[in-house]
Every structure is written in C-alpha cells, then in structure tokens.
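Undergrad: Dock the two chains into a complex; use the hints.
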Amino acid sequence: MPSPAYHAPDTITGAIALLAADPSALPLGGGTDLIVQMRSGRIAPGAVIDLKRIEGMSGVRREGDVFVIGAATPCSALKGDAAFSAAWPGVVEAANLIGSVQVRNRATMAGNLCNASPAADSVPALVAAGATCVIAGPGGVRQVPVEAVPVAPGRTSLGPGEFVVEFRLPVPREGGGDAYLRATPRTEMDIAVVGTGVCLVLDAAGTCMAARVVLGAVGPTVMLVEEAGAALVGSRLDDDVLAAMSRAVQAASNPIDDKRGTVSYRKAMAGVLARRAALIAAGRAQAVRGISR
Amino acid sequence: MSRIHVSTTVNGDAAEFLCDPAASLLDALRDSLGLTGSKEGCGSGDCGACTVVLDGEMVCSCLVFAAEAEGRAVRTIEGVAEGSVLHPVQQKFLEHAALQCGFCTPGFIVAAKALLDRNPDPTETEVRYWLAGNLCRCTGYDKIVRAVMDAGAQLRQERTPA
Numbered sequence: 001m002p003s004p005a006y007h008a009p010d011t012i013t014g015a016i017a018l019l020a021a022d023p024s025a026l027p028l029g030g031g032t033d034l035i036v037q038m039r040s041g042r043i044a045p046g047a048v049i050d051l052k053r054i055e056g057m058s059g060v061r062r063e064g065d066v067f068v069i070g071a072a073t074p075c076s077a078l079k080g081d082a083a084f085s086a087a088w089p090g091v092v093e094a095a096n097l098i099g100s101v102q103v104r105n106r107a108t109m110a111g112n113l114c115n116a117s118p119a120a121d122s123v124p125a126l127v128a129a130g131a132t133c134v135i136a137g138p139g140g141v142r143q144v145p146v147e148a149v150p151v152a153p154g155r156t157s158l159g160p161g162e163f164v165v166e167f168r169l170p171v172p173r174e175g176g177g178d179a180y181l182r183a184t185p186r187t188e189m190d191i192a193v194v195g196t197g198v199c200l201v202l203d204a205a206g207t208c209m210a211a212r213v214v215l216g217a218v219g220p221t222v223m224l225v226e227e228a229g230a231a232l233v234g235s236r237l238d239d240d241v242l243a244a245m246s247r248a249v250q251a252a253s254n255p256i257d258d259k260r261g262t263v264s265y266r267k268a269m270a271g272v273l274a275r276r277a278a279l280i281a282a283g284r285a286q287a288v289r290g291i292s293r
Numbered sequence: 001m002s003r004i005h006v007s008t009t010v011n012g013d014a015a016e017f018l019c020d021p022a023a024s025l026l027d028a029l030r031d032s033l034g035l036t037g038s039k040e041g042c043g044s045g046d047c048g049a050c051t052v053v054l055d056g057e058m059v060c061s062c063l064v065f066a067a068e069a070e071g072r073a074v075r076t077i078e079g080v081a082e083g084s085v086l087h088p089v090q091q092k093f094l095e096h097a098a099l100q101c102g103f104c105t106p107g108f109i110v111a112a113k114a115l116l117d118r119n120p121d122p123t124e125t126e127v128r129y130w131l132a133g134n135l136c137r138c139t140g141y142d143k144i145v146r147a148v149m150d151a152g153a154q155l156r157q158e159r160t161p162a
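Just so you know, the protein sequences line up as chains A and B, in that order.
The opening position of the first sequence corresponds to residue 1 in this note's numbering, with each subsequent residue numbered one higher.
The opening position of the second sequence corresponds to residue 1 in this note's numbering, with each subsequent residue numbered one higher.
No lab work stands behind these hints, which were simulated from the structure alone.
Every value quoted in this text rests on a predicted model; they were computed, and no experiment measured them.
Note that beta-carbon positions come from the ideal geometry of N, C-alpha and C, so glycine has one too.
There may be inaccurate statements among the hints.
Stated by the list, open to error - Output of the computed footprint for chain B on chain A, the stretches with three or more beta carbons under 8 angstroms from beta carbons of chain B: (1) 47-58; (2) 103-110; (3) 168-175.
So that you can see chain B by itself, here it is in the shape it has in the complex (with noise of 0.2 angstroms):
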C-alpha cells in the first residue's frame, strides 16, 4: 500500500510526513514528527492520554487517522510552554503535585488548557465533566482538578488589568 503524503501544521509550524494510510495522527506525532508527549494508553478513546487540539478542538489523536491532519492545524503539549517558560497549567500540576507516574499528564494538560482557554473560570463540576475522557490510575483526580482551578484563578488574575 503506498504511502500518504500529508502537509499540516503543528503548533504553528509547518509539518510533513509520509504515512501509511491506516497510521494514526498519534503514529504520526511520535514516530514520523518525533513529538512523543503525547501518548498512547488505550487506543480505543477511552484514557485521553494522546489528546491533541484539531482546528481547535480536543480529539483523541489514535482515533484520528493521519492523513486526516492534510491542511489542518494540530497543537500537542509540546505546544503548551513559551519555551522554557511553563503554561500556568503546568506549573500547577508541579505545585500540586498532581502527577505521580505522569503517563497521563500531558493528555490532560492539552485537555485543561482548552477548557480554560474557554472558559477561565469553570466550576469543579465543569472541570470534572470536561475531563472525565481523562484517565488518570494514580492520582485519584483530586490533586488534578485542584491544579486546574488554581490555574484558572492564576489565568483570571493575569488578564485582571492592575
């Protein structure tokens, strides 16, 4: 089976892989592109731990087929930091200590980031139904969802104008 020639966009850079036609977006990230934050738990759309933002939407990256991302726009937890400086949601994971193995963390930092990109102060219900596609065997989820609201009241206080 020839493979597939796919020209995309990932965090704002232009991208290109050859992929096999039944490759999916994950494969593409890690193996072809090299970006191996995200990850792949259970490949069936259950864990959330190969989350990625599609034209600005959260998908699972295994259940999107690679050639799928031709002339569309991913954005990956490689993404998330401005270089070495982290994204509040990051940095209150650390202070939170809401990872313990961290499998799952980068899936849902993507996934808090775009909640809170859309709604900078949810309630703890909000937070716990937007990333009940978010598996998480360490932690008990706790630590996480009191990460994601302090980012949020990080995020909310940084547009605050003094």
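Chain A on its own, in the form it takes in the complex (with noise of 0.2 angstroms):
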C-alpha cells in the first residue's frame, strides 16, 4: 500500500492539529478496519494518526455518575473492568461478539462506530444504553448521542478532521438492564444478519418505567424503534406486550436481501431477538432489585 506519515501525537490539541494538516489523514485506534482498508487500495490517507499514546484515550473511567470509556479502548479490556461489566452487560457482550479474540484486543467500539457498518455489534448496545460520544475537531469539542454518527453505511456524521474522544454511559438507573443479542450464519467469527439491543427499567413491582428497543443490521444505519419501546412500558412484560414489541420491531425493520439472510428470515429473527433480548434485560434488571416473577 502506498505510504502515509504515521503520528503518535500524546495530546488531543496535537491530534486535531496533524488530522487538521492533511485532509487525507485519519485517525487511528485499533487499526482492525483502517489497515485492511488501506492494505485493499480502498482507502489512502496521507497520514495516519494514531490516537492511542494520548493519555485517557485508553480505559474506563467513572466521572461521578458516568462512565467515561477512552475512543481507543479494546474491546476486550472493556470485560477487565469490573464495575462496568456489571453495570452494562449488554454492551461488554455486543463488543466482544466482534471478530476474534486477536481482534478485539485491538478493535475499538469507536472503530466499530465509525467504521459505519450497518451490522455493527456494538452500535445498538450502545444506542439502547444511550450513549453519548464525545467528538474533538478544529472546530471544537461536541457531544452528540451515538445515534447521530452513522448516517449511512461507510458514512458518518463527522465532518473534516473530527474523530470521536470518548463514550459516555450513564451509570444505570436503579432496576435498570440491558442485553444485545445476534444472529449469525456461524457461531463466531461472523457478522450479524440481525442484531437488537435492549435496555429497560423495571419499578419495585416489576412494571417497566422506561425501555429502548434498537435494531442492527435491519437497515441502513442503526435504528432506535421508539414504538417497540414504548410498547414495553407500563407492562410487566407478558406475552401479548412481548408480541407487540416483536410486531412492533418487525414493522420497522428495513433489511436488505443477500446470500447471508434474506428479508424475511431477517425480519422475523428481528422480532424474536427483540423478545428475547427483551426478557434477558428484564432478567437483569430483576437480578439487580431482587424481585422474582
């Protein structure tokens, strides 16, 4: 592949500066889709800046009641963090379906997020969540929820030089859980045909307050489906609630038809994802208040 300059700024200022220099420079984190990008001639920047010697770009921390996650985080470290893995399973789990382990030493949810895979693993954990990222550029530092970056596939909202800083989670609400569930042709090593992320929050009695239902995969971008959600609440999850989030779900998804799913098996595995995911946050959320049903 044809050579860029490589930086190892250890300031964000110093990032924006070398990103700001050469149109054609991209940030670097964990390099699992920005090498085999370049390696195929699909991408060329004249300068790849990597982003992991700036220090709190790597890690998780908690800043009063929010979990900061640094943009060059693996997504294996995310399960050596105890207090978050404990507070978002869900999302542990989404980043940690990606690739191999190899890969996911490396592979940022940032990367993930930014790569704007439609198929993304850890994108509707994140939205289910409501996650924010924090974006750096020459123009500033801005907040905006992950929603907002994939605009279409390979396609973000970040505009020349802005490159994403840091994940922002809440620390869950009390009776609060959350899951992401796939489906794959293969066990491991694959990449989702359907993906649904769930977070709910369940009152002392078991009805739930609040719940956010997002789809992966079933569309062109990540997809908060606000009526799934709204279907849940107010309920105590019971079957027919259940369905009409899963019809809910179904109604909404978008999927395109390939050799790895087609629409239908798609849509239909959408809605009994949704369920499911569904019924393991309200496990969770259960676990957390100690209420059996």
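TA: Right under this line is the structure:
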C-alpha cells in the first residue's frame, strides 16, 4: 500500500492539528478496519494519526454518575473493568462478539461506530444504553448521541478532521438492565444478519418504566425503534406485550436480501431476538432489584 | 517517505529497526529482524497465522503498524521454547500430530499458550472459542484442540507441588 506518514501525538490538541494539516489524514485506534481498508486499496490516507498515546484515550473511568470509555479502549479491555461489566453487560457482550480474541484485543467501539457498518455489534447496544460520544475537531468539542454518528453504510456525520474521543454512559438507573443478541450464520467469527439491543428499567413491582429497543443490520444504519420501546412501558412484559413489541420491531425492519440472510428471515429474527433480549434485560433488572416473577 | 526508527523489545531482548510507515509489525519481525516464524496468511486479521503477544495481549501482527511497537513488548513464536526445551504446547502438538503443513502452527501455538497462561484449565468449548481466530485448512481442528487440552493438563501437573 502507498506509504502514509505515521504520527502518534500525546495530546488531543496535537491530534486535531495533525488531522487538520492533511485533509486525507485518518485517526488510528485499533486499526482492524483501517489497516485492512488501506491494504485493499479502498482508502489511501496521506497520514495516520495514532490516538493510543494520548492520555485518557484508553481505558474506562468513572466521572461522577457517568462511565467514560476512551475511544482507543480495546473491546476486550471492557471485560476487565468489573464495575462497567456489571453496569452494562449488554454493551460489554456486544463489543466482545466482534471478530476473534486477536481482533478484540485491538478493535475499539469507536472504530466499530465510525466504520459505519450497519451490522456493527456494539452500536445497537450503545444506543440502547443511551450512550453519547464526545467528538473533537478543528471547530472544538461536541457531544452527540451515538445514533447521530452513522448516516449511511460507511458514512458518518463527523466533519473534516473530527474524531471520537470517548463514549459516555450513565450509571444505570436503579432497576435497569440491558442485553444484546445477534443472529449469525455461524457461531463465531461472523457478521450479524440481525442485531438487537434492549435496555429497560423496572420498578420495584416489576413494571417497565422505560425501554429502548434498537436494531442493527436490518437497515442502512442503527435504528432506535420508539414504538417497540413504548410497547413495553407500563407493562410487566407479559406475552401479549412482547408480541406487540416484536411486531413493532418487524414493522420497523428494512433489511436487504443477500446470500447471508433473506429479507423475511431477517425481519422474523429481528422480532425473535428483540423479545429474547428484552427478557434477558428484564432478568438483569430483576436480579439487581431482587424481584422474582 | 522517510523511514521510522523503532526501539522495542522482542522476546525479552531490546530490538531496533527502521521501517516504512505503512509496514506492519509482521513485516518488521520477518524482514527486518529475521524472525520468520510468524506467517502472513490473509493479511486481514482473519486467519491468525501472524499472532504475536503485544504488551501481554495476543494480536494479529499484520494489523499492527510496525511503528506502533515503539516502547512496547512483543513476544513471538521464537520466544515460546526455552532454548532447546519445547514448551508443553509445542510438545503436545507433536505428540498429537496437530499439524500437517505447519503454516498455521506458530499462530496456534502463540494463541494456545496465551490462553493457558491465563487459564490453565479451559473447557473444550473455551479452547475452541479462544482459537476461533486461527484458521487451519489441514487438520480439521480436533487434533489441535486435543493437543491444547493435553498441554493444559501437563502444565497443571507441573504446577502441582509433589
């Protein structure tokens, strides 16, 4: 591949300046998409700006009632943070379905988001969790919901020279639980044909107070299905409620037909997986609350 | 494009090399340092033949820029045996005939050792999932999995005080 310059700045300001200096420059996190795309000739950045030497860019930290995940944190490192894994098991599991152990030791959720594949596993889980991301660039720093980043397959809303600095997830509300499930033709080393992330909050009586149901791989971008979440709120997740939620998910699904899954299979599975994910999330919420149903 | 000078540690020894900015760590290991045990299979992170341990975590060296190794610690297949004494994973690969053409073997051994270093008593399912990023087109995997399970048993025995 053509040789780009390689820079490893140690500050965000330094990274912004280097990215601004060359409009074709790209930030490097884990490189598991970037290097593959460079090698295949799909992209040819004039410079690669390695973010991993910037302090605070790797690792999970707690700031008050917020978990902050540095953009260069490898997916596997999320499992090593006991507090974060207990708070957001669905996010941690989703990030650790990506690729192999070797890949997860490098790949980051920020890269998963900015690669903008509709099938990105960590993205529906992050959106369900209500995560935001902090974006830095020549115009300053801004914070947006995760779902505002992907705009089409392979395209994001990031402006020239902008890059993700960190994710911010709230400490879950009392009675909160999340889950992510996906369907793949194989059991490992495969890409989702459907992914569903669910986050919900149960009160002490087991009634659903809030719910976010999110789909991946069944449309051009991640999809927050408001109607599906609304179907759960106020209920105790009885069968008819879950069936209504599944119908809302299937109605919102707009998948492609390809060799890995047909439209009808993807739509059907979206409903099935959303139901299962909702029950896992509810089980986790109840485990926190000590409710038995 | 100017070449980059990198100072790193490979298998416990200080190492230095000059690299093209686009060179992978695998390129540097093989072409600059003469450590040709790590192989390039796919060049896209699918096959695991280039697996090395970077700062304690196994990675595909084809998906790491050589320049990223500055100040880091790299362990390769060449550092697995102690002198002429094979590591139990290597010995068990021989005993179980867990290789045919051998191209994937360095990656499998580095990955299997990385597993047993942190979990000396994995289940077969854990072994199979851990090694999902290493492809072998000859053996059908069964002999590899048996070799890793057996190496784990031997390591546990060695660690148990008599």
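Undergrad: Would you mind marking each hint as holding or not holding in the structure?
TA: Structure-based check of each hint:
Remark: the stretch 47-58 of chain A is confirmed as covered by chain B, as 3 of its residues place a Cβ nearer than 8 angstroms to a Cβ of that chain, reaching the required three. Proximity of the stretch 103-110 of chain A to chain B, defined as three or more residues with a beta carbon under 8 angstroms from a beta carbon of that chain, is established by the 3 residues found. Counting residues of the stretch 168-175 of chain A whose C-beta sits closer than 8 angstroms to any C-beta of chain B gives 0, which falls short of three, so the coverage hint is violated.
Checked against the numbered hints listed earlier, the structure breaks hint 3 alone; every other hint is satisfied.
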